[in-house]
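In order, the protein sequence lines correspond to chains A and B.
Take the first sequence: its position 38, counting from 1, is numbered 38 in the working numbering, and each next residue is one higher.
Take the second sequence: its position 471, counting from 1, is numbered 471 in the working numbering, and each next residue is one higher.
Treat the hints with care, since some could be wrong.
Far from chain A, by Cβ distances over 10 Å, these chain B residues were calculated [claimed, not checked]:
1. 41
2. 556
3. 561
Simulated coverage check for chain A against chain B, where a stretch passes if three residues somewhere in it have a Cβ under 8 Å from a Cβ of chain B [to be verified]:
4. 4 to 18
5. 101 to 113
6. 117 to 128
Straight-line distance between alpha carbons at most 30 Å, and here's what the computed DSS-like set of lysine-lysine pairs gives [as the list claims (entries may be wrong)]:
7. B:469 to B:109
8. B:401 to A:110
9. B:18 to B:402
10. B:54 to A:113
11. A:103 to B:401
If you are wondering where the hints come from, they were derived from the structure by calculation, not from laboratory data.
Virtual Cβ for every residue (Gly too), placed ideally from N, Cα, C.
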Amino acid sequence: MTQVKSLADLRRIKENLQGKMSLREKSNDPESLVQIRVAMATCGIASGAKQVMEFFIEELDKRNIQAVITQTGCMGYCFAEPTVEITLPGQAPVVYGYVNEKKADDIIEKYIKNGELVEGIIPVNYETVQK
Amino acid sequence: MHVLVCGGTGCHASESDKLLSNLKTIVADKGLENDVQVIATGCFGFCEKGPIVKIMPDNTFYTQVKPDDAREIIEEHLIKGRKVNRLLYVNPENKEHISDSKHMGFYKKQLRIALRNCGFIDPENIDEYIAREGYEALGKCLTEMTPQQVIELMKKSGLRGRGGGGFPTGLKWEITSKSVSDVKYVVCNADEGDPGAFMDRSILEGDPHSVIEAMAICGYCIGASNGLVYIRAEYPLAIERLKTAIKQAREYGLLGNNILGTDFNFDIELRYGAGAFVCGEETALIHSMEGKRGEPTMKPPFPSVSGYFEKPTNVNNVETFANVPVIINKGADWFSSIGSEKSKGTKVFALAGKINNVGLIEVPMGTTLREVIYEIGGGIKDGKEFKAVQTGGPSGGCLTKKHLDTPIDYDNLLASGSMMGSGGMIVMDEDDCMVSVAKFYLEFTVEESCGKCTPCRIGNKRLHEILDKLTKGNGTLEDIDRLRNLSKVIKDTALCGLGQTSPNPVLSTIDNFMEEYIEHVTDKKCRAGRCKALMQYHILSENCVGCTACARNCPVNAISGERKGVHTINQEVCIKCGACIEKCKFNAVVIK
Numbered sequence: 001m002t003q004v005k006s007l008a009d010l011r012r013i014k015e016n017l018q019g020k021m022s023l024r025e026k027s028n029d030p031e032s033l034v035q036i037r038v039a040m041a042t043c044g045i046a047s048g049a050k051q052v053m054e055f056f057i058e059e060l061d062k063r064n065i066q067a068v069i070t071q072t073g074c075m076g077y078c079f080a081e082p083t084v085e086i087t088l089p090g091q092a093p094v095v096y097g098y099v100n101e102k103k104a105d106d107i108i109e110k111y112i113k114n115g116e117l118v119e120g121i122i123p124v125n126y127e128t129v130q131k
Numbered sequence: 001m002h003v004l005v006c007g008g009t010g011c012h013a014s015e016s017d018k019l020l021s022n023l024k025t026i027v028a029d030k031g032l033e034n035d036v037q038v039i040a041t042g043c044f045g046f047c048e049k050g051p052i053v054k055i056m057p058d059n060t061f062y063t064q065v066k067p068d069d070a071r072e073i074i075e076e077h078l079i080k081g082r083k084v085n086r087l088l089y090v091n092p093e094n095k096e097h098i099s100d101s102k103h104m105g106f107y108k109k110q111l112r113i114a115l116r117n118c119g120f121i122d123p124e125n126i127d128e129y130i131a132r133e134g135y136e137a138l139g140k141c142l143t144e145m146t147p148q149q150v151i152e153l154m155k156k157s158g159l160r161g162r163g164g165g166g167f168p169t170g171l172k173w174e175i176t177s178k179s180v181s182d183v184k185y186v187v188c189n190a191d192e193g194d195p196g197a198f199m200d201r202s203i204l205e206g207d208p209h210s211v212i213e214a215m216a217i218c219g220y221c222i223g224a225s226n227g228l229v230y231i232r233a234e235y236p237l238a239i240e241r242l243k244t245a246i247k248q249a250r251e252y253g254l255l256g257n258n259i260l261g262t263d264f265n266f267d268i269e270l271r272y273g274a275g276a277f278v279c280g281e282e283t284a285l286i287h288s289m290e291g292k293r294g295e296p297t298m299k300p301p302f303p304s305v306s307g308y309f310e311k312p313t314n315v316n317n318v319e320t321f322a323n324v325p326v327i328i329n330k331g332a333d334w335f336s337s338i339g340s341e342k343s344k345g346t347k348v349f350a351l352a353g354k355i356n357n358v359g360l361i362e363v364p365m366g367t368t369l370r371e372v373i374y375e376i377g378g379g380i381k382d383g384k385e386f387k388a389v390q391t392g393g394p395s396g397g398c399l400t401k402k403h404l405d406t407p408i409d410y411d412n413l414l415a416s417g418s419m420m421g422s423g424g425m426i427v428m429d430e431d432d433c434m435v436s437v438a439k440f441y442l443e444f445t446v447e448e449s450c451g452k453c454t455p456c457r458i459g460n461k462r463l464h465e466i467l468d469k470l471t472k473g474n475g476t477l478e479d480i481d482r483l484r485n486l487s488k489v490i491k492d493t494a495l496c497g498l499g500q501t502s503p504n505p506v507l508s509t510i511d512n513f514m515e516e517y518i519e520h521v522t523d524k525k526c527r528a529g530r531c532k533a534l535m536q537y538h539i540l541s542e543n544c545v546g547c548t549a550c551a552r553n554c555p556v557n558a559i560s561g562e563r564k565g566v567h568t569i570n571q572e573v574c575i576k577c578g579a580c581i582e583k584c585k586f587n588a589v590v591i592k
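Between the sequences and the hints, there should be enough to build the whole structure, so can you do that?
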């Protein structure tokens, strides 16, 4: 791994990374990647987020759907763990709560494949300082 | 097009299920199934105005929608494209209808600064942090600002310690920077001990780099090249993620020697706590890190003068640190424009207890309790009545109905007999007995007292005994006075913050719920039905059908009666476990 040598260096890396991320997010290509974020803080893991994440990884692979699956921290919706955020290409992210394997299967079949919403969406009700 | 209907508990109670089925039926009748999808969602948090219907993609937000409104929404909005004005949310300030939910104040209730990356980035990938302006603040400080300038900026921002005390962070940094020494330390206090608080854990698990970056900035300001994180061993995942983050930062040269090509060196090590509450107090924390018993010592000297191994040490809490990089990036004026007059920025609260949306929220200082509970928290569970919120953990107190509209900040909470603490909010309803709540916290303090000073070691034990006596129905009115007096003595004489604040739950419940204390003494009654010694189970003869379910399930055979005849409970034998009340299908068992 290369070392960051100066602030200018850091900014260059940042822009590179942002470019990569927005390329991923803004692509209009229907074949481009679905992004899945699983909230994997202690609360999420305790409610089964690990199994759900593994399920997504295995099943999306089996069903031949290209997706980026990453873990993230607590989204704050502890009452509805495990929580999963799905971003379809070119669309706003949608957060699903109480995701077990059955719900995950529903999400893959209905939402990811057909863009059809599945019950159990958690409405986002906050603003953040960084977009 | 999507029609989202809130299916949260609050909206469910106001017939959102019927509304949902009406919408679905009408959509089907009109043959719109292929174009319109009707779906139930989780709670919007805005239960006061429920049921809520949101139309996507135009973000129309309808409030207080009745099942009969379904047809109008579909015919007018979905088919003709005209919004149904009478169902739109009305801005309480200027009485205007707001059609686009993005302009609703309700969405602005929460502002995430400390939690900006939690639930968004992968905490184990430094690149995602950098992509979101990570380490930019550190770079700015090291190459464009002097330590004094950074300290001035922090002072101007008005950031105060988020661990509970609320000491101005910039000032703390300044004092430590002025202490002369060859070695200084930056310590991050991650010994989150308040029952019900978990924001520090969530930040470390969700965004560890923000804490690392802020610690390095602090090191630059005070002239320290060593950072220590004191974290409890019960947080294994937070420890693991923090370790990964430190390793990645070292690989990128963002920790170590000559950071970003400057002559600034800084590195971080972890120290584990064994989970003693008192070790959240900074002097006790420092002793624990030194390998000594986790006991507090008198201040002064303050850690900023003589701390870890008698070197100047700056101790800040996790959430405090998480705010720092944003303040540097966005400026002091931006930060101080958020919040109330004397408390700037936002505060993260862990909502727990009898509230629908248990979870982490971050709101600007000065938000009222009502907004937190009813507009973000989704209201009280099972539609019960709100009684109190316990803030500040064992050092804090209760806020009651009369405080619902008080803006929450450091000073208002203190004035209401509570304190900010680390931000745990335990919501209680009509089923909670306030004497028992005080007893619960005292039990905790007695358990966690380090035993060094007499007022805390013995005084709290006595407080607990008196409370125990009250909950068993053996108390006298003098006992209540005794509680008050003893509490004041402990507050005035205990050595550290733990002892000085431990009687707060007692004083605050006495102040706000005196009538409950008196009831426990004079009527031998606990209105919440929590104090077992003060209640009796009885079988109502008019409801009892003699099914024998209660008798068969009673673990101590206290219930007798013939099949198809009225049963009775032998009070001498009854252990008040409640098994009978659970099993009775005829509401024949009651608590008196």
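Hints, one by one, checked against the model:
With a least CB separation of 4 Å from chain A, residue 41 of chain B falls inside the 10 Å interface cut-off, contrary to its annotation. The beta carbon of residue 556 of chain B sits about 35 Å from the closest Cβ of chain A, which is more than 10 Å, so the claim that it is off the interface holds. With a least CB separation of 42 Å from chain A, residue 561 of chain B remains clear of the 10 Å interface cut-off, as annotated. Chain B is given as covering the region 4 to 18 of chain A, and this holds because 11 residues of the stretch bring a CB closer than 8 Å to a CB of that chain, at least three being needed.
Under a criterion of three residues with beta carbons nearer than 8 Å to beta carbons of chain B, the stated coverage of the region 101 to 113 of chain A fails, only 0 such residues being counted. Coverage of the region 117 to 128 of chain A by chain B holds in this model, with 11 residues showing a Cβ closer than 8 Å to a Cβ of that chain against a need of three. Of the supplied pair hints, the one linking residue 469 of chain B and residue 109 of chain B is violated, its CA atoms being roughly 43 Å apart against a limit of 30 Å. For a cut-off of 30 Å, the pair hint linking residue 401 of chain B to residue 110 of chain A is broken: about 45 Å separates their Cα positions.
At roughly 35 Å between alpha-carbon atoms, residue 18 of chain B and residue 402 of chain B are farther apart than 30 Å, so this suggested pair is violated. Taking the CA atoms of residue 54 of chain B and residue 113 of chain A, the gap is about 23 Å. The hint holds against a cut of 30 Å. With a C-alpha separation of about 39 Å, the suggested pair residue 103 of chain A and residue 401 of chain B falls outside the 30 Å cut-off, and the hint is violated.
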